[in-house]
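Q: Chain order of the listed sequences is A and B. Following this note's numbering, the numbering of the first sequence begins with 642 at its first residue and continues without gaps. Following this note's numbering, the numbering of the second sequence begins with 42 at its first residue and continues without gaps.
By construction, these hints were calculated from the structure, which means they are not laboratory data. One should not assume that every hint holds.
[Stated by the list, open to error] Each pair of labels, with its calculated beta carbon distance range: (1) B:Glu97 with A:Gly714: 22 to 30 Å; (2) A:Ser699 with B:Asp67: 33 to 41 Å; (3) B:Tyr95 with A:Glu704: 25 to 33 Å; (4) B:Leu125 with A:Ser754: 25 to 33 Å; (5) B:Arg153 with A:Arg650: 20 to 28 Å; (6) B:Lys157 with A:Gly714: 40 to 48 Å; (7) A:Met646 with B:Ser121: 27 to 35 Å; (8) B:Phe53 with A:Pro680: 18 to 26 Å; (9) A:Gly726 with B:Asp67: 25 to 33 Å; (10) B:Thr48 with A:Lys692: 16 to 24 Å; (11) A:Glu682 with B:Asn108: 22 to 30 Å; (12) B:Leu125 with A:Arg752: 24 to 32 Å; (13) B:Gln55 with A:Lys737: 17 to 25 Å.
Owing to the predicted nature of the structure, the values given are computational and were not obtained by experimental measurement. Note that beta-carbon positions come from the ideal geometry of N, C-alpha and C, so glycine has one too.
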Amino acid sequence: NAGVMQNPRHLVRRRGQEARLRCSPMKGHSHVYWYRQLPEEGLKFMVYLQKENIIDESGMPKERFSAEFPKEGPSILRIQQVVRGDSAAYFCASSKGRDANQPQHFGDGTRLSIL
Amino acid sequence: AQKITQTQPGMFVQEKEAVTLDCTYDTSDQSYGLFWYKQPSSGEMIFLIYQGSYDEQNATEGRYSLNFQKARKSANLVISASQLGDSAMYFCAMREGLGNAGNMLTFGGGTRLMVKP
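Kindly produce the complete structure, drawing on both the sequences and the hints.
A: Given below as structure tokens:
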């Protein structure tokens, strides 16, 4: 599916633990986006990153959530002190550029469950 | 106001028939892109088709076509000759602002399509 790799596919955490979600973009793509999907809803934008830079984090909760895209390695979405409301599917997408005509290709998502 | 509206929460279609999934959008930008994605029950998001705001012709990709009516701000997806494997959630999405920071996709609430044998 478009070559964006996300892991793990499923993640179970207890309340108060940390969750780390990883995303490797498609080859040649330097723009990474994270989205969250609650059950039976569309995806909601969280954060947009390029290598080593956060470009737009307007969709990220102000506390407990952070994202990075280091020079080497995958992009990481980190959720600290998870709560039940964090249970959702988290999708990463990548694109070659940020023009409006560039499709974003998605990974298979990480399903996060909080016990 | 909703930026992307999909008014059909669920639809049935008979196998081999055509089906239209509705999508209306709201933007003040002159340059934008409209996308359709398919999400089967396995959960992945599959890119189907794209329409640019300046494209004069409707986009087509195999059995998928996009009925783009700019004045009405609608971008309906047409699936011809439905197959059982088309049963899935379908999301319409928009990307605004050529070159602007952000450029995130804004998604509609989705339409669940069920193809009957």
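Q: Evaluate each hint against the coordinates.
A: Structure-based check of all given hints:
1. B:Glu97 with A:Gly714: 22 to 30 Å: Since the Cβ atoms of Glu97 of chain B and Gly714 of chain A sit about 43 Å apart, the hinted range of 22 to 30 Å is violated.
2. A:Ser699 with B:Asp67: 33 to 41 Å: violated, 18 Å
3. B:Tyr95 with A:Glu704: 25 to 33 Å: violated, 41 Å
4. B:Leu125 with A:Ser754: 25 to 33 Å: Since the Cβ atoms of Leu125 of chain B and Ser754 of chain A sit about 30 Å apart, the hinted range of 25 to 33 Å holds.
5. B:Arg153 with A:Arg650: 20 to 28 Å: holds, 23 Å
6. B:Lys157 with A:Gly714: 40 to 48 Å: holds, 47 Å
7. A:Met646 with B:Ser121: 27 to 35 Å: holds, 33 Å
8. B:Phe53 with A:Pro680: 18 to 26 Å: At 22 Å between Cβs, range holds.
9. A:Gly726 with B:Asp67: 25 to 33 Å: holds, 28 Å
10. B:Thr48 with A:Lys692: 16 to 24 Å: Given a distance of about 40 Å, which is not inside 16 to 24 Å, the answer is violated.
11. A:Glu682 with B:Asn108: 22 to 30 Å: holds, 25 Å
12. B:Leu125 with A:Arg752: 24 to 32 Å: With a Cβ separation near 25 Å, Leu125 of chain B and Arg752 of chain A satisfy 24 to 32 Å, so the hint holds.
13. B:Gln55 with A:Lys737: 17 to 25 Å: violated, 39 Å
Hint violations for this structure: numbers 1, 2, 3, 10, 13, all remaining hints satisfied.
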